[in-house]
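A.B. asks: Build the full structure now, drawing on both the sequences and the hints.
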Amino acid sequence: MKFTPIKIKVTILLAIFLLSQFAMAQGIDISGFARTYEGVNVNNGDFSIVQQTLNLNFEKRGNKVTLKANPMAYLYNQDSLSLGLREIYMDMYFKNFDLRLGKQQIVWGKADGVFITDIVSPLNLSEFLLPDFDEIRTGIISAKLDYYIGNSTIEAIWIPQFAPTTRPDANSIWYIEPEFPVSPTFDWSKNTIDPSLENSEVFLKWSAMTSKLDFELMGGYTWDDNPSMHVQKQFGMNNTTTPPTPMLIGLTITPQHHRLAVAGGSFGTEILGVILRGEGAYYNGKYFQTEDPSAEDALIQKDYLNYVVGLDFNIGGVILSTQFIQRYILDYDEFMSEDEFQNTATFVARYNTLRETLHLELFSYIGLSNKDALIRPKISYDFDDSFSLLLGANIFVGDCDGQFGQYQNNTMIYTKIKYSF
Amino acid sequence: MKKFKLTIIASLVLIASLSANTPLTGTQIIEKTYNRASADDQTAMLTMTLTNKNGQTRVRKIQQFSKDMGNKEKSIMFFLSPADVKNTSFMNWTYDSDKSDDQWIYLPALKKVKRISSDSKSDYFMGSDFTFDDLGDRKINADVHTLLREESLNDKECYVIESKSKDEDYMYSKTITWIDKETFIGMKKEFYDEDEELLKILEVKKVEKFSDIYIITHSEMKNVQKDHSTTITLNNVNINTGISEDKFTERMMTRGI
Chain X
326 MKFTPIKIKV TILLAIFLLS QFAMAQGIDI SGFARTYEGV NVNNGDFSIV
376 QQTLNLNFEK RGNKVTLKAN PMAYLYNQDS LSLGLREIYM DMYFKNFDLR
426 LGKQQIVWGK ADGVFITDIV SPLNLSEFLL PDFDEIRTGI ISAKLDYYIG
476 NSTIEAIWIP QFAPTTRPDA NSIWYIEPEF PVSPTFDWSK NTIDPSLENS
526 EVFLKWSAMT SKLDFELMGG YTWDDNPSMH VQKQFGMNNT TTPPTPMLIG
576 LTITPQHHRL AVAGGSFGTE ILGVILRGEG AYYNGKYFQT EDPSAEDALI
626 QKDYLNYVVG LDFNIGGVIL STQFIQRYIL DYDEFMSEDE FQNTATFVAR
676 YNTLRETLHL ELFSYIGLSN KDALIRPKIS YDFDDSFSLL LGANIFVGDC
726 DGQFGQYQNN TMIYTKIKYS F
Chain D
11 MKKFKLTIIA SLVLIASLSA NTPLTGTQII EKTYNRASAD DQTAMLTMTL
61 TNKNGQTRVR KIQQFSKDMG NKEKSIMFFL SPADVKNTSF MNWTYDSDKS
111 DDQWIYLPAL KKVKRISSDS KSDYFMGSDF TFDDLGDRKI NADVHTLLRE
161 ESLNDKECYV IESKSKDEDY MYSKTITWID KETFIGMKKE FYDEDEELLK
211 ILEVKKVEKF SDIYIITHSE MKNVQKDHST TITLNNVNIN TGISEDKFTE
261 RMMTRGI
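These protein sequence lines are chains X and D, in that order. The first sequence: position 363 = 688 (the working numbering), numbered continuously. The second sequence: position 128 = 138 (the working numbering), numbered continuously.
No wet-lab data here; the hints were simulated from the structure. Note that beta-carbon positions come from the ideal geometry of N, C-alpha and C, so glycine has one too. Hints may be right or wrong, so weigh each one.
As the list claims (entries may be wrong) - Derived list of chain D stretches under chain X, where covered just means 3 residues or more per stretch with a C-beta under 8 Å from a C-beta of chain X:
1. 84-98
2. 104-118
3. 123-131
4. 216-228
5. 251-263
As the list claims (entries may be wrong) - Take a look, some chain D residues computed to stay more than 12 Å from chain X by CB distance:
6. Met136
7. Arg148
8. Arg159
9. Thr193
10. Asn246
C.D. replies: This is the structure:
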């Protein structure tokens with residue numbers, strides 16, 4: 326009997342359904358949501374996304390042990406079904422410490438919408454930064470130990486197998502094809518990290534929540550989630566010139582992940598009714614692209630700083646939040662492809678009315694260095710406690726070389742209808 | 011009005027020293043209410059029912075824990091329903107001093123505990139008719155309290171106290187509270203908007219006694235201008251069970267109940 330991909334997926338969905346029935350019979354708590362999400366490109370009228378989502382949470386709680394599984398199914402267009410387990414883990418509770426084993430999302434830091442010390446769980450950027458933040462993070466198989474001392478916590482994480490950032494497929498509207506002077510050849514042989522003790526990642530964090538200040542101090546010995554592009558050039562002779570001159574005839578690009586050591590911290594405190602937040606990290610040994618002809622593989626290794634300061638406040642019932650983010654490459658070299666400083670800001674305004682059934686929000690990323698932006702207005706209405714309708718837009722403006730402006734042809738309006746249970 | 015805590019604490023002290031012959035001022039009556047005995051700790055299941063003018067209802071269920079630690083009080087709420095807020099938790103540390111409350115919220119979708127400003131006490135709690143200020147503690151000296159009269163309310167002899175905010179920008183121009191002379195529990199409270207029009211009426215429907223401590227277990231807040239209301243009922247109330255201070259930590263916020 327031959328199993329087609331469709332049959333396999335239908336079988337898996339059926340298994341999820343049967344598992345749900347079994348879970349309910351076993352007293353396992355089930356929650357989740359079903360959502361339909363359609364977006365239209367305002368430039369050409371094409372559907373940017375047609376996505377149906379089923380997200381389930383199975384949870385069996387106990388005093389000593391809790392089990393959780395979060396399977397999700399994404400159906401794109403008519404029949405492109407993507408199934409996965411965002412999380413599946415077991416919690417064990419002891420007197421002074423907890424242990425979580427399995428695939429899990431781990432979130433660190435005080436910043437919103439930017440990832441500075443929040444680098445434990447890799448990101449899924451296949452739809453750029455548009456998915457909700459619980460969907461943009463990938464669960465990572467790891468062991469997490471939290472040891473508690475009063476209001477402070479020491480957290481240690483061991484990740485046996487590295488998982489990189491998920492990038493858009495080449496046929497995705499979010500894929501930006503890099504430009505090369507000649508057609509390159511890609512060598513993917515070094516793009517994966519073999520799972521081994523030597524190749525595992527470790528993170529450590531000390532955090533505390535006090536009446537005056539919340540803070541986190543962290544360190545990590547990790548892999549760069551984004552591969553460095555090792556570029557090797559092949560030259561030939563241009564015989565059309567007199568005398569003949571060397572000319573570039575080929576490029577071999579070898580994506581390769583490298584080790585990164587990271588140390589940083591974050592804090593949050595309230596001053597006169599305003600929440601002040603900050604977060605920063607020092608990254609040691611990242612490879613950047615360079616045009617220095619003497620550089621090996623067109624790469625140069627530099628340290629860099631990434632930090633954010635933010636304010637949350639409330640004016641007339643409108644919840645406001647703003648952040649300034651700066652990345653600074655230390656010991657900058659003028660041949661480097663990236664700027665020495667990259668400045669970004671975020672701004673959020675949120676207003677809830679009609680007894681918190683109507684929600685208005687404006688979220689924006691503003692690229693200060695490239696003068697571009699992603700502006701995300703949305704309005705949602707809760708018809709009841711389970712059922713909500715959302716209308717929104719993702720507006721990309723500004724310099725087409727900027728991280729947001731490069732998607733100016735992808736500006737879209739969209740709707741999401743969600744049923745939570 | 012301190013200790014007029016509809017969510018958790020509504021306790022009684024019979025003030026032996028209270029002389030019937032010595033008229034009390036409005037401020038003294040509020041102080042008696044503020045200082046009445048309460049449980050050292052308390053757990054309860056809170057059900058909040060929001061009813062709109064068409065009679066349609068929405069229900070929120072919250073498991074609450076609170077503990078009096080002398081000069082501060084810590085409380086934590088775990089939201090059980092509706093589905094879109096399930097596993098959200100909210101922690102509040104209130105201080106007897108003038109220090110502002112410390113508040114944190116854990117949003118399971120973000121998997122992050124966030125410190126939030128306690129400056130938004132005029133915001134409504136979860137779309138209900140109760141503001142954070144209505145539910146929590148309001149400093150005695152934030153208002154000027156005047157004894158208007160003494161009268162009977164539902165067969166209980168009450169002081170009727172008018173409280174006017176010293177802050178002209180406060181959302182209520184004044185409140186009028188009926189305080190049971192025997193228990194010093196606020197049994198009814200009227201809230202007037204900035205135009206001095208009646209905005210909301212809070213009525214205590216049921217008070218129960220737990221180990222000599224009285225607790226409001228059923229109350230209703232009605233917005234008379236918009237014709238919607240919110241009822242709060244407490245079930246499974248337990249007091250003085252020795253809740254550990256460890257309950258009021260980030261560990262518990264993220265773990266849930």
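A.B. asks: Are the hints correct? Go through all of them and say.
C.D. replies: Hint-by-hint comparison with the structure:
1. 84-98: Since three or more residues must qualify, the claim that chain X covers the region 84-98 of chain D holds, with 5 doing so at under 8 Å.
2. 104-118: holds (count 5)
3. 123-131: holds (count 8)
4. 216-228: Coverage by chain X is violated for the region 216-228 of chain D (0 residues, Cβ < 8 Å).
5. 251-263: Answer holds; 4 residues pass the 8 Å Cβ test.
6. Met136: Its Cβ does come within 12 Å of chain X, the nearest being 7 Å, so this is violated.
7. Arg148: 16 Å, holds
8. Arg159: Answer for Arg159(D): holds, closest chain X Cβ roughly 34 Å.
9. Thr193: 32 Å, holds
10. Asn246: 18 Å, holds
Going down the numbered hints, you'll see the structure goes against 4, 6, while the others check out.
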